[in-house]
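Please model the entire structure based on the sequences and the hints provided.
There are 2 protein chains.
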Amino acid sequence: MFNKRTKIKELLAGEPTGQQVTVMGWVRTFRNNQFIALNDGSTLNNLQIVVELGLLDEATLKRITTGAALKITGELIPSLGKGQKMEIKAAVIEVLGDSDSEQYPLQPKKHSLEFLREIAHLRFRTNTFSAIFRIRHALAFAIHRFFNEKGFVYLHTPIITSSDAEGAGEMFQVTTLPLAQLPKSAEGGIDFSQDFFGKSTNLTVSGQLEGELAATALGDIYTFGPTFRAENSNTTRHLAEFWMIEPEMAFYDLQDNMDLAEEFIQYLIRYVMEHNAADLSFLDTRQKEEEKALPQAQRSELGLLDKLQFVLDNRFERITYSEAIEVLLQSPAYKKKKFKYEVKWGIDLQSEHERYLVEKHYKKPVIVTDYPKDIKAFYMRQNDDGKTVAAMDILAPGIGEIVGGSQREERLDKLETRMQEMHVPLKEMQWYLDTRRFGTVPHAGFGLGFERMVLFVTGMSNIRDVIPFARTPKNCEF
Amino acid sequence: MFNKRTKIKELLAGEPTGQQVTVMGWVRTFRNNQFIALNDGSTLNNLQIVVELGLLDEATLKRITTGAALKITGELIPSLGKGQKMEIKAAVIEVLGDSDSEQYPLQPKKHSLEFLREIAHLRFRTNTFSAIFRIRHALAFAIHRFFNEKGFVYLHTPIITSSDAEGAGEMFQVTTLPLAQLPKSAEGGIDFSQDFFGKSTNLTVSGQLEGELAATALGDIYTFGPTFRAENSNTTRHLAEFWMIEPEMAFYDLQDNMDLAEEFIQYLIRYVMEHNAADLSFLDTRQKEEEKALPQAQRSELGLLDKLQFVLDNRFERITYSEAIEVLLQSPAYKKKKFKYEVKWGIDLQSEHERYLVEKHYKKPVIVTDYPKDIKAFYMRQNDDGKTVAAMDILAPGIGEIVGGSQREERLDKLETRMQEMHVPLKEMQWYLDTRRFGTVPHAGFGLGFERMVLFVTGMSNIRDVIPFARTPKNCEF
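Protein chains in written order, with this note's numbering: chain A, 1 to 478; chain B, 1 to 478.
These are computed hints drawn from the structure, not numbers from a lab.
Among the hints, erroneous ones may be present.
Same chains, same label: a pair holds when it works inside one copy or across any pair of copies.
[As the list claims (entries may be wrong)] Listed below are the simulated BS3-like cross-link pairs for lysine-lysine, each with C-alpha atoms no more than 27 angstroms apart in a straight line:
#1 Lys340 <-> Lys150
#2 Lys184 <-> Lys474
#3 Lys199 <-> Lys184
Shown next, in the form of structure tokens:
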């Protein structure tokens, strides 16, 4: 048994009483041939190791370089130095793995996020990224805990699908056919009957439709899985592969849906503030440092921690789409012709419009409801006005749309008519329609883009920095 | 706000004191125009609704059919009838959704699992499948809770990858190239530079290698995500798309790894026994009923609940591969030539061998360690004997391999040599080798096939019955 170590997080949470402990981790810095700052990934904080004169020979001292892995046994004692409560007085130091400082890409200095993206396999070893990925973990766990406490069932919806009912954009094709020699059908097309699944298949863009099948039996369910968009969008907000959470609830209307989504987001933020204080505080400081270089106007109005606290302390603003259009039309920005895109009832809100509403006008998260039916999906419940559907999008400061949801159309006749109007193939969707055919119920749900939530909570600005290994156009490394 | 209901699970856990409650759910049965058995998916147990004479007109009574959705308000009172502690004396009954009993595929009778697989979109509405999917949820939550309690970081490793380093079998290709008109390169091959990622890409078979990158910085991590095998295996144990949990731990050797895996499996079983007693008990009875039709010899030695308790009460047997071969060679089965496949040192253990060890010889889960290096992956740590590697597989009764893991080769020179011997491309794997180049540490990990674990815990026999929508050769419905 090798792993008789104590994690640094645990040690730092306790008291130094001279007890003998063993720690293992990686050297962050080594000062004056005497003070090792050791990090083991369990916390942002390093543990100071004191190497007394004569403990190690010259050759071993030289091997204690940034990035080297050490196993250290010694007494945990109160530290006399500044900046730490405790330190280990090393009795035995074993070098587990060397790190040639000439070659090691991570030097004890500031590296750009761009550079670290290139060496994503090593960036976990930095303060910034270890904080981000511990927060990402905490958010994921909080998501499961939230739904579990409420009696939701976690549902794994399929990744490979044969339907494109959502019509949510371009999809990745999945095939085992030999591309160099594709079998042809009698009609001259590709003979997908020879493909693995006997038909053409894609990567899923959403688990919602399958989620509805389970919700109309188990009551409340949620998905949390990868989804895909083959869109050629090289922005700081888009990934080709990202994780999404999609709860779906039987017996919910639009208001129930909004209430749940708001409670959910606040729960997640509260959880991370309680469990990841050190990481958040580090990122809060980091953001302030980064923004020092920017002109005042481009700096965040609130620091990261203040922003999160603000979201906890304030109810989200709830407005209808029609009200949103009215606000935009009355805005100074509109009157001064500062919007690039047209504003009128019927448009899909553009990023500049969403940002105006959230960041300038309401200055907090906004839930926009009742969108025109023509810019929304076929499954959204039609309102009595004949023009709008019971949709709701949550817009967050600095991020834009973070949640998209709706009450679903539970009335079979209205759903079928809408599907016909929108050219959704009814025949292939009989399984979906069965939920309306047999014991249909009012139900609703929403999707939360996980990486956008991580962006929001970490205050990072590029979505590639909050997922371990980003997949974007022309980029599929590691 | 529509959803002012109480879940049946909650009601049944409390006391009936005549309080007014609202429930919503689906009719399972309606007896004598008087007793509705209502299920809302929150629990296996139905709630009895008493419809007093005269409450509903004839037309409404006729709409209360199996599968119909109801909203019921009334007093929750102690039940005088047998079989239930409480019931609702209905004051208002609203039919939310009808279910035409002529058309509804789920009749109040026993349906075969094969039939229910065909209507997987409706099988959530049966006792068996609602129990299975609640248990699946509980297992998933227990997995996250186990690792979170131990300070592991949940890592989302990529689904789309450009490497096939694992060599774990045939892979699904992912592309956005137009299949009908594939672009050609100057050499006449397919021009993948025009593909979405600018290169040929596949669906992942494992997140382990990426997991190692994070573990050698954050310490302990785990993945829990979908993985894929494009193998044409039409068995009761294989899926083309399945979920896998892959923990990876820095500073672990093989023994640490085994200890963790054993503790993990026992934790999961204990969690489900504590949280899903009704579901497990139903499946226990179900299995006994099913097996009544079988000859004595084919029945399970232990019932489902007894089997799970047995796994909790007994340490897993730990034997080396060499010992396993010896046991097989000494077995009556071998001497009577009952094995179809050859038994000698160096073979990959076949299912019949694993079953003999687990079900006949040791009669409990067995961890087999130190396999011949030639039948294992390049990254496994080489033992000093020069012949074996520090691998470990956990074999479970009735399932076979449920966990596969190893200590990883942390020594750069030995790893590179082994990769060369096994024709793993070193150049493309520099990112992986960097973990050995800079601060390498002993580390280990394993993979647990989630569906196999669900199979084990539910006692089901076909893996297609423990995942919501199975993907198997020629089968990609819903």
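key: In rising order, the numbers of the hints this structure does not comply with   = 1
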